[in-house]
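Novice: One-letter residues, chain by chain:
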Amino acid sequence: MTVLVAVTDTSEGSHALLAGKKEAAMLDTDLLVVNLSLTEPEEVHTLADDGVTVLDRIGRGDRDPATAVLDLIDDRPDIERLVIGVKRRSAVGKALLGSVSQRLILQSPIPVLAVKSPQ
Amino acid sequence: MASDLTRTTAQHLPADAPGRHSHRLGVIAVVATFGGLLFGYDTGVINGALEPLKEDLQLTSFTEGLVVSILIFGAAIGALIGGRMSDRYGRRHNILVLAIIFMIGTLGCVLSPTWEILALFRFILGLAVGGASATVPVYLAEISPAERRGSVVSRNEVMIVCGQFAAFVINAVIFNIWGEHESVWRFMLLIAVAPAIVLFAGMLRMPESPRWLMSQDRHDEALAVLLQVRSPERARAELEEVQALAEEEKLAQTGGPADLSVKWIRRLIFIGVGLGVFQQATGINSVMYYGTQLLGDAGFSSNAAIVANTLNGLFSVLGVLTGIALINRIDRRKMLIGGFVLTTTFHLLVGLSAFLLPDGTAKAYFILVFVVLFVFSMQGTIGPLVWLMLSEIFPLKIRSFAIGICIFMLWIANAIVALVFPPLVAALGIAATFFIFAGLGVLALVFITTQVPETRGRSLEELEEQFRREYS
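In order, the protein sequences belong to chains A and B. Position 87 of the first sequence, counting from 1, maps to 87 under UniProt numbering, and the rest follow consecutively. Position 448 of the second sequence, counting from 1, maps to 448 under UniProt numbering, and the rest follow consecutively.
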């Protein structure tokens, strides 16, 4: 059984990673990280040393981060929990850029742990 | 249109020894650059043809702008679609299709009875021009060995301006011999069919790009192509480099609209779009499309104007050659700022000549000299620099998407300036129009000094780190 954390290069992403680590420890399972940003956030650097697998978005098929995550969940039946960071978006922001978190929460076939940054 | 593919560092491959394959590579490069030549010819040919065309089809300054600019709007779309199509169906396949569209578009323009039909076929021609601008440099970069990549792609840029120069010269000859015929413009446009046929016939015998074949997992065919254009040891060694570059291309396509939510990426795209728009706002293409008329308005007779206009083409070529020589010797920001200072100065001088000097031969010649100097400074600095910087500022994963947006906006800016130029000159005169260009140049200078980063001699990682830090 595996816990999948989708990490972005934001404060929500960092908190999601922390929460994901805790969740995996609590459930006593493996941790898998998918890096949704186009560069490598600080925390992701050190993960490889701790023996955690980090996947990146690669190629046109991963253009849409939500699709990339959902495809990964389909490909790996061992993933049973998804952990993501969520942030409030303005209506305009949502209309223009869409909400990856919202789509993941609504379309994920497995339970989702939604983590916010503390105010 | 230098692509980022020239930046990939060559691993230590055995040197490509000369042999039969280098001859073949030379032939391939020449044939493919006919694509660039066509690009230049088709965009430049309207320049000499516009006066007789305007008479024959009874255009107003608005419909004139429309007929000219619709090709550029087509090119904006063609560049977008062309890129995707060449990824799907292959570079060679794309270039063949483009050659056919060039032929259809040209014949359609030549035979149009009304300006509306002419506009339609110019739009179709535009699709081919845009597609060629996206596909030809990519094909050239992918088929050339790393050591020659930069120079082969630069040669394409030279071919583009040579195509425009050739169009100017041929039009000047045709006009001075047959100018009285009202359909002379049809013959001017017809000449463009010849290079399209050469491109088609030539490309039929050319191989597909080995890198594209690799990306389609057609490894054996990729090796076969490499064996055609490299020495045998080099071909096998390069297979790995080609594979790595194909992977890199794949990575470059990762970023998309969702990544616009990241502030520093948005900022970079803003800078890229700004560079492209300010490049077009110099009005360089207005001179390339409307030069003959501009010189006619300045005071030359029709026969003299079309001949004088050839100087614009000549100095465009000289400018590009100079730019290629200078480009890696001077810091980018310095070169951009220097370029805009020069172009803005010449804009002002054109405006002042038009405003202050009494009508006559002296005024015409002054304007000609300043316009030519503007073209030279533009093509020597801002022209090539903008393309180069676009290939340098974006991190790998966002590159394909980001450059696509910037190129699209660049074409649109090109088209808008082309659309607006004739009505503006008709309404305000040369002086005011060029004062407006000078004003835009000042804005450009402000933009560059405050927004544009220096990229020369800096690695991708360095730049990426700086952007993340500064623009978040």
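Careful, some of the hints might be misleading.
A short, non-exhaustive set of chain B residues, derived as facing chain A with CB atoms under 8 Å [stated by the list, open to error]:
1) L251
2) Q253
3) T254
4) A258
5) A281
6) R456
7) G457
8) R458
Below are the EDC-like pairs computed for lysine to aspartate or glutamate, each with C-alpha atoms no more than 16 Å apart in a straight line [to be verified]:
9) B/K250 to A/E43
10) B/K250 to B/D220
11) B/K250 to A/E42
12) B/K54 to B/E240
13) A/K116 to A/D30
14) A/K22 to A/E43
By construction, these hints were calculated from the structure, which means they are not laboratory data. We put the CB at the ideal spot given by N, CA and C, even for glycine.
Novice: For each hint, tell me whether it holds in the structure or not.
Specialist: Here's how the hints hold up against the structure:
Given hint, B/L251 at the interface with chain A, holds; its Cβ is 6 Å from that chain's nearest Cβ, closer than 8 Å. At a threshold of 8 Å, the smallest CB-CB gap from B/Q253 to chain A is about 4 Å, leaving the interface hint in force. Checking B/T254 against chain A: minimum C-beta separation of about 5 Å stays under 8 Å; hint holds. Interface restraint check: B/A258 against chain A, minimum CB-CB distance 5 Å, threshold 8 Å, status holds.
Of the supplied interface hints, the one on B/A281 is violated, with its beta-carbon coming no nearer than about 26 Å to a beta-carbon of chain A, more than 8 Å. Evaluation of the B/R456 hint against chain A yields a violated restraint, the C-beta minimum of about 22 Å exceeding 8 Å. For B/G457, the interface hint is violated, since its Cβ never comes within 8 Å of a Cβ in chain A; the closest pair sits about 22 Å apart. Nearest Cβ of chain A to the Cβ of B/R458: about 16 Å, over the 8 Å cut. The hint is violated.
Distance hint between B/K250 and A/E43 is unfulfilled; the C-alpha atoms sit about 26 Å from each other, more than 16 Å. For a cut-off of 16 Å, the pair hint linking B/K250 to B/D220 is broken: about 20 Å separates their Cα positions. With a CA separation close to 24 Å, the supplied pair B/K250 and A/E42 exceeds the 16 Å bound. Among the hinted pairs, B/K54 with B/E240 is inconsistent with the structure: their alpha-carbon atoms are about 56 Å apart, more than 16 Å.
At roughly 23 Å between alpha-carbon atoms, A/K116 and A/D30 are farther apart than 16 Å, so this suggested pair is violated. For a cut-off of 16 Å, the pair hint linking A/K22 to A/E43 stands: about 15 Å separates their Cα positions.
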